[in-house]
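**Q** Chain residues, written in single-letter form:
Protein chains: 4
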Amino acid sequence: MVENLGNWPISIEITVQWGDMDALKHVNNTVFLTWMETARMAYFEECGMMDTFESEKIGPILAAIKADFLAPVVYPDTVVVHTTISKMGRSSFEMAYKIMSSANGGELVATGSATGVMCDYSTGSSTPISENLRARITDLEWARLP
Amino acid sequence: MVENLGNWPISIEITVQWGDMDALKHVNNTVFLTWMETARMAYFEECGMMDTFESEKIGPILAAIKADFLAPVVYPDTVVVHTTISKMGRSSFEMAYKIMSSANGGELVATGSATGVMCDYSTGSSTPISENLRARITDLEWARLP
Amino acid sequence: MVENLGNWPISIEITVQWGDMDALKHVNNTVFLTWMETARMAYFEECGMMDTFESEKIGPILAAIKADFLAPVVYPDTVVVHTTISKMGRSSFEMAYKIMSSANGGELVATGSATGVMCDYSTGSSTPISENLRARITDLEWARLP
Amino acid sequence: MVENLGNWPISIEITVQWGDMDALKHVNNTVFLTWMETARMAYFEECGMMDTFESEKIGPILAAIKADFLAPVVYPDTVVVHTTISKMGRSSFEMAYKIMSSANGGELVATGSATGVMCDYSTGSSTPISENLRARITDLEWARLP
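First to last, the protein sequences are chains S, H, L and P.
By the numbering used here, the letter at position 31 of the first sequence is numbered 31, and the numbering carries on one by one without gaps.
By the numbering used here, the letter at position 51 of the second sequence is numbered 51, and the numbering carries on one by one without gaps.
By the numbering used here, the letter at position 16 of the third sequence is numbered 16, and the numbering carries on one by one without gaps.
By the numbering used here, the letter at position 38 of the fourth sequence is numbered 38, and the numbering carries on one by one without gaps.
Any given hint could turn out to be false.
Identical chains blur together in the list; that is why a pair holds if it fits in one copy or across any two.
Straight-line Cα separation of at most 25 Å, DMTMM-like style, residue types lysine to aspartate or glutamate; simulated pairs [unchecked claim]:
(1) LYS87 x ASP139
(2) LYS87 x ASP120
(3) LYS25 x GLU94
(4) LYS98 x GLU46
(5) LYS57 x GLU131
(6) LYS66 x GLU54
(7) LYS25 x ASP77
(8) LYS57 x GLU13
(9) LYS98 x ASP77
(10) LYS57 x ASP68
(11) LYS25 x GLU54
(12) LYS98 x GLU13
(13) LYS98 x GLU54
(14) LYS25 x GLU107
(15) LYS25 x ASP139
(16) LYS25 x GLU13
Don't read these hints as lab results, they were simulated from the structure.
In isolation and in its complexed conformation, chain S is listed as follows (with noise of 0.2 Å):
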C-alpha cells in the first residue's frame, strides 16, 4: 500500500475568548493545545477513529504533544486551526497541526505535532491500527487532494 499522508484533510475554524488569556495579556499556551485537541477530535470524528471506543473500548491515547509558538493571539480573534495525519506505525500514528491567525491576515502563530497510539482499553496496552480504519485514514488524506 502507497501511503499518501501529510494532506491536511481537516480545518476548523475556532471564536478566540477573552477569558483565554493569561496575565501577560496574550492567549496562554495551553489554549494553543486545546484547539489542537479539538481539531484533532474533528479529524477522529471524520475518520470514525472513536467509532470503536463505545463497543470495543478501542481508541486512539495521546503519548506525546509538542508546540512550536511563533507569535502571540489576542482577543478578539478567530483561529484556524489544520491537521493532518502525517505517518502510521503498525499502532501508532503521528498527528501535525497548524494554527493561523485570522486577525492577522492568517499569519501562522503556532506549529504542533502529536503521537497517538491505538489502544485496548479493556487492558490498556497498545493494539494495531485496523485495516479499516487504515484505509478510511488514507481516503480522507487523499480526498481532498486537487
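Got chain S sorted already, so can you dock chains H, L and P onto it with the hints?
**A** Just chains H, L and P now, kept in the frame of chain S:
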C-alpha cells in the same frame, strides 16, 4: 432621561470544543460562564466601557454572577450568546445572558445574569458610570431596535 | 425528621495556579466556580451521592449556580473552600460555598450557592432523594458539630 | 564559568480538581501543561526572572513546549511537579519537568520540556540573559545539592 434597556443588542457565536466537556460528557458548567464573559467583553468593547481602563484606571469589575442551566450541551456544537445591559444604577449595572445551542435548533440552554460595578482601580472604590458611557450604552441598546 | 443542615462539614484546600489569572491579573471568575465544583465533588463523595451513578444512572445535576465576588485573588495563593448542603427538598437540594484566601490571612473572597437536582439519567427526569442518601447527608452535616 | 544545571531545585504540589478531567474521565492533556506552567512560574519567581518585567519590559517568552504522557491521572489526587533549568544559551534556556501522582505512590505520570527566550517586550526581539540572572539561576540549581 428615559432609558430603554434590555434590548439584547450583542450576539456572538462560539465554537464548542471537545475539551469543554467534563467527565459527565457534557460541557462543564464553568464553560457557560466563560461564554457569558466573552459576550460581556464584546458588549464592553462596543460601548467603550474599557476605553478608560488604560488611561484613567476606571473600568468595570464583576461583583456577582448567576446562571440557570436548562439543557446540556455536547461537542460538537456552536452556541450563540446574546447579552444586554438590563439596568443601570449610579455606579453599578445588571447584564443578562441567553445561550442557544445551534445543534438543537436554537434551543435555549442557559440563562444568566451578572452585576458589574464601575471601579476606580487606583483607589479600589466604586465610581459613577460617566454620562458619556451611560449615553453610549443607551444608544447601543436602542440602535438595534426595529 | 428534624434536619440540621448548613453546618459546613467539608473543607478543601486548592493551590492557586498562575494560569488561573486572566488579562486583568486577577484569578478569573470562572475559576472560583471550578473551586466550588471541586468542593461539591468532595462533598458528593463523602455522602455517597455518586454511588448510584454508575449502577442505577441516578445522580445529581447542577440546575443553577450563583457567586458573589468579594475580593480579588492573585497568584501565588492557596484557597480554602468550605461547603455545606443547606436545604433539601424532595428531589432538589441547595449547597452553599465560602472561599477564603490564605495569602490574605483567611479573608473571605467569595461566597456562592448552587441548586442540584437528583436526576434519573436514563429518563432525564428528576427523582426523589433516597432516604438512605438523605440520612447520610444529615449525618455528614451533624458529624462535625461540636 | 562551570555551570551545574539540571538539578531540579523547585518542586510544587497541586490539588487535582474534578473539572480537570475530560469526557474520557482522565485529566485532560492540557492540564498537565498548566501544571508545568505553575512550576515554571515558581522557578521564575525564585530566580528573579520576572523582576525586570515591569521595570524594563524584559522577561521570558515560551517558544516551545513538549510533553510525554506516561500514565493517566484521575481525580482525586495531588500531583507533585519538579522543574529545573537544564541548559542556558546566550538568550534562550531549556527547562525540564517531571510530574508525579501522589495517589499512585509517587508514580511518574508525565515528563516535559520547554524552551524559553529572554525577550525585550518593547522591541519584541530576544535579548541576552543578564549575568546577574545567569548567576541566580546557577545558584538556585546548586543550592539544593547535597
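**Q** The structure should be examined with respect to each hint, and the outcome stated for every one.
**A** Each hint, compared with the structure:
In this assembly of identical chains, the alpha carbons of LYS87 and ASP139 lie at most 25 Å apart only when taken from the same copy (14 Å versus 44 Å across copies). When the C-alpha separation of LYS87 and ASP120 is checked against a cutoff of 25 Å, the pair qualifies only within one copy, where the shortest distance is 20 Å, while the shortest distance between copies is 38 Å. For a Cα distance limit of 25 Å, the shortest separation of LYS25 from GLU94 across copies, 23 Å, qualifies, whereas the shortest one inside one copy, 32 Å, does not. Within a single copy, LYS98 and GLU46 get their C-alpha atoms as close as 18 Å, which meets the 25 Å cut-off; across copies the closest is 31 Å, which misses it.
Taking the closest pair of Cα atoms, LYS57 and GLU131 come within 25 Å of each other only inside a single copy of the chain (17 Å); across copies the shortest separation is 36 Å, beyond that limit. When the C-alpha separation of LYS66 and GLU54 is checked against a cutoff of 25 Å, the pair qualifies neither within a copy, at 28 Å, nor between copies, at 30 Å. For the homomeric pair LYS25 and ASP77, the shortest alpha-carbon distances inside one copy (13 Å) and between copies (21 Å) are both at most 25 Å. In this assembly of identical chains, LYS57 and GLU13 lie within 25 Å of each other by CA distance neither inside one copy nor across copies; the values are 30 Å within and 33 Å between.
In the homo-oligomer, the alpha carbons of LYS98 and ASP77 lie at most 25 Å apart both inside one protomer (16 Å) and across protomers (22 Å), since each shortest distance falls under that limit. For the homomeric pair LYS57 and ASP68, the shortest alpha-carbon distance between copies (23 Å) is at most 25 Å, but the shortest distance inside one copy (33 Å) is not. Taking the closest pair of Cα atoms, LYS25 and GLU54 come within 25 Å of each other only across two copies (13 Å); inside a single copy the shortest separation is 40 Å, beyond that limit. Taking the shortest Cα distances, LYS98 and GLU13 sit within 25 Å of each other both inside one copy (12 Å) and across copies (23 Å).
For a Cα distance limit of 25 Å, the shortest separation of LYS98 from GLU54 qualifies neither inside one copy, at 30 Å, nor across copies, at 32 Å. With identical chains, the CA atoms of LYS25 and GLU107 are at most 25 Å apart within one copy only, with a shortest distance of 19 Å there and 27 Å across copies. Neither within a single protomer nor between protomers do LYS25 and ASP139 lie at most 25 Å apart by alpha-carbon distance, with minima of 41 Å and 30 Å respectively. For the identical chains of this complex, LYS25 and GLU13 are neighbours both inside a copy (22 Å) and across copies (22 Å), given an alpha-carbon limit of 25 Å.
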